[in-house]
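S.K.: Sequence:
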Amino acid sequence: MKDLSGNAPVTSTSSRRGEAGASPRPDDHVIVLFGATGDLAARKLLPGLFHLAAVGLLPDRYRVIGSSRRDISDAEFRERAREAIDRFGTSKPTGETWQAFRQTLSFASASPGDTTALGAAIRRAERDVGGSPRRLFHLAVPPAAFAPTVTMLGAAGLAHGSRVVIEKPFGTDLRSARELNRTVGAVFDESQVFRIDHFLGKESVENILAFRFANGLFEPVWNHRHISYVQIDVPETLSIEGRAGFYDQTGAYRDMIVTHLLQVLGFLAMEPPTALDARHLRAETAKVFDALRPIDVRHVVRGQYSGYRDEPGVAPASQTETMAAVRVEIDNWRWAGVPFFLRSGKKLGASRQVVTLGFHEPPLRMFPIGETDTPDGRNEIVIDFADPGSITVDLLAKVPGAQMRLGGAGMVFRYADSFCAANSLEGYERLLLEAMLGDQSLFTQAAAVERLWEISSPLLENPPPIQPYAPGSWGPQPSVDQLIMPFRWRLPHAGSPRD
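First residue of the sequence shown? That's 0 in numbering that gives the first Met the number 0, and the numbers climb one at a time after it.
Calculated directly from the structure, the hints in this document are not laboratory data. Beta carbons are placed, not taken as given, at the ideal position from N, Cα and C, and that holds for glycine. Treat the hints with care, since some could be wrong.
Claimed, not checked - In silico lysine to aspartate or glutamate, DMTMM-like type, Cα no more than 25 Å apart, as pairs:
1) Lys167 / Glu460
2) Lys167 / Glu328
3) Lys286 / Glu453
4) Lys167 / Glu202
5) Lys167 / Glu283
6) Lys91 / Asp416
7) Lys286 / Glu202
8) Lys91 / Asp27
9) Lys286 / Glu270
10) Lys167 / Asp188
11) Lys286 / Glu218
12) Lys286 / Asp27
13) Lys91 / Asp386
14) Lys286 / Asp276
15) Lys167 / Asp289
16) Lys91 / Glu78
17) Lys91 / Glu202
18) Lys167 / Asp276
19) Lys167 / Glu189
20) Lys397 / Glu360
21) Lys286 / Asp416
22) Lys167 / Glu449
23) Lys286 / Asp188
24) Lys91 / Asp73
25) Lys91 / Glu425
26) Lys167 / Asp38
Said to hold, decoys possible - Simulated restraints on C-beta separations:
27) Pro477 / Pro293: 24 to 34 Å
28) Gly184 / Asp386: 32 to 42 Å
29) Arg60 / Asp330: 24 to 34 Å
30) Met410 / Pro315: 45 to 55 Å
Produce the complete structure using the sequences and hints provided.
M.R.: Shown next as structure tokens:
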């Protein structure tokens with residue numbers, strides 16, 4: 000199967016995990032998007048589904064039903080979809096491909112007290128598809144609506160045999176995560192539940208597995224004997240973008256670190272799985288989470304950018320952090336004594352998604368060090384997992400000249416330079432495909448979610464005071480730099496191929 004440009008086939012995650020032949024296609028489906036008139040549907044879900052259709056990775060027969068509490072016509076929903084795909088999509092809504100996709104779209108309102116229209120729309124879509132199509136529900140709704148929507152599906156008799164994709168954050172603390180898991184578990188079996196984290200759908204995050212386990216050069220040094228620190232740094236230049244109602248109740252730690260960065264940590268730190276399937280991958284990341292020590296609030300910096308309290312909808316005396324930096328430790332043999340530093344926040348100095356693994360310095364310095372491109376002349380592996388992604392190995396080499404003087408050098412792999420970009424799928428696109436295929440490898444388990452909230456409890460129950468920082472900076476100084484001493488943050492001190 001080729002993409003529209005005639006390039007080589009798009010390869011799905013499942014086929015890369017060992018299936019031979021062409022990319023697998025899902026069974027026939029009826030896909031229901033709750034929150035279909037919202038921002039996530041416009042930016043990611045509708046463009047993602049259309050791109051999957053354009054590259055031939057949707058089922059042979061399918062229907063897409065948009066749903067929300069407000070009622071709009073099928074025609075209006077189709078026009079909204081066209082505008083969203085045109086603005087945010089990789090594939091543009093033109094030609095026969097768009098006309099075919101457009102005909103699959105319909106809309107039905109639903110609320111916990113009234114699912115009549117939705118039920119009728121699903122039955123009609125299933126008749127149109129024919130046979131016994133699968134159902135996939137995607138809950139692109141506010142977190143407060145997760146439980147009522149799941150309960151509504153159960154009460155309406157729509158859960159049996161269906162799959163459900165639930166957005167983050169899955170709970171706001173251990174108690175709420177457990178309650179939500181109980182609610183979901185009363186309606187759906189765990190095998191039907193897909194807790195989505197779009198970071199795990201990124202090609203460059205998955206490439207961490209290939210980089211580690213497919214190359215004998217790196218796996219032997221991926222441990223405390225060789226690595227002295229790890230950073231997972233995801234700063235953003237954006238403000239809260241009008242999401243005060245959500246963000247002021249959530250903050251940077253809940254919004255990014257516990258839901259995204261700790262999941263990436265699981266991929267970085269896991270032991271080699273015996274197979275790249277859901278059971279083995281999730282078992283190994285669960286072991287990492289079990290070995291995480293509870294967050295020590297002495298090793299946390301919470302910042303709030305100046306002017307945050309002036310944002311519309313933010314409480315005048317808000318104590319919500321817009322930046323969080325945390326040191327975490329994994330209490331196992333591979334990572335004993337290695338600090339992991341996680342940082343994310345709004346209105347910081349750059350928008351980046353970078354993992355840095357710093358190696359121990361050689362015990363004997365026989366070379367004079369000149370000006371280098373790496374912090375303190377250190378050897379580092381730098382994984383930039385912002386699409387399209389890159390991997391850099393920083394090292395020291397002799398500077399040309401009469402004297403023995405060292406300078407920084409790097410070996411660089413760039414996705415954009417190495418593979419056909421048309422073959423790539425954006426994170427949501429890959430995860431939508433995996434959910435239709437029933438592959439839970441890149442989705443989080445109930446127990447893992449609860450464990451991450453459990454190790455977060457000391458911070459959530461007794462957070463350190465927030466500290467102000469200037470928009471465009473890298474967080475409160477000197478606190479954020481003191482947190483990582485005797486090391487230093489790669490950003491902004493050293494660049495990467497994307498700078």
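S.K.: Does each hint fit the structure? Answer for all of them.
M.R.: We went through each hint and held it up to the structure:
| no. | hint | result |
| --- | --- | --- |
| 1 | Lys167 / Glu460 | holds, 21 Å |
| 2 | Lys167 / Glu328 | holds, 24 Å |
| 3 | Lys286 / Glu453 | holds, 14 Å |
| 4 | Lys167 / Glu202 | holds, 20 Å |
| 5 | Lys167 / Glu283 | holds, 22 Å |
| 6 | Lys91 / Asp416 | holds, 24 Å |
| 7 | Lys286 / Glu202 | holds, 23 Å |
| 8 | Lys91 / Asp27 | holds, 24 Å |
| 9 | Lys286 / Glu270 | holds, 8 Å |
| 10 | Lys167 / Asp188 | holds, 19 Å |
| 11 | Lys286 / Glu218 | holds, 18 Å |
| 12 | Lys286 / Asp27 | violated, 36 Å |
| 13 | Lys91 / Asp386 | holds, 19 Å |
| 14 | Lys286 / Asp276 | holds, 16 Å |
| 15 | Lys167 / Asp289 | holds, 21 Å |
| 16 | Lys91 / Glu78 | holds, 14 Å |
| 17 | Lys91 / Glu202 | holds, 22 Å |
| 18 | Lys167 / Asp276 | holds, 23 Å |
| 19 | Lys167 / Glu189 | holds, 17 Å |
| 20 | Lys397 / Glu360 | holds, 17 Å |
| 21 | Lys286 / Asp416 | violated, 35 Å |
| 22 | Lys167 / Glu449 | holds, 13 Å |
| 23 | Lys286 / Asp188 | holds, 22 Å |
| 24 | Lys91 / Asp73 | holds, 20 Å |
| 25 | Lys91 / Glu425 | holds, 15 Å |
| 26 | Lys167 / Asp38 | holds, 14 Å |
| 27 | Pro477 / Pro293: 24 to 34 Å | holds, 26 Å |
| 28 | Gly184 / Asp386: 32 to 42 Å | holds, 34 Å |
| 29 | Arg60 / Asp330: 24 to 34 Å | violated, 50 Å |
| 30 | Met410 / Pro315: 45 to 55 Å | holds, 51 Å |
The structure is inconsistent with the numbered hints 12, 21, 29, although it conforms to all the rest.
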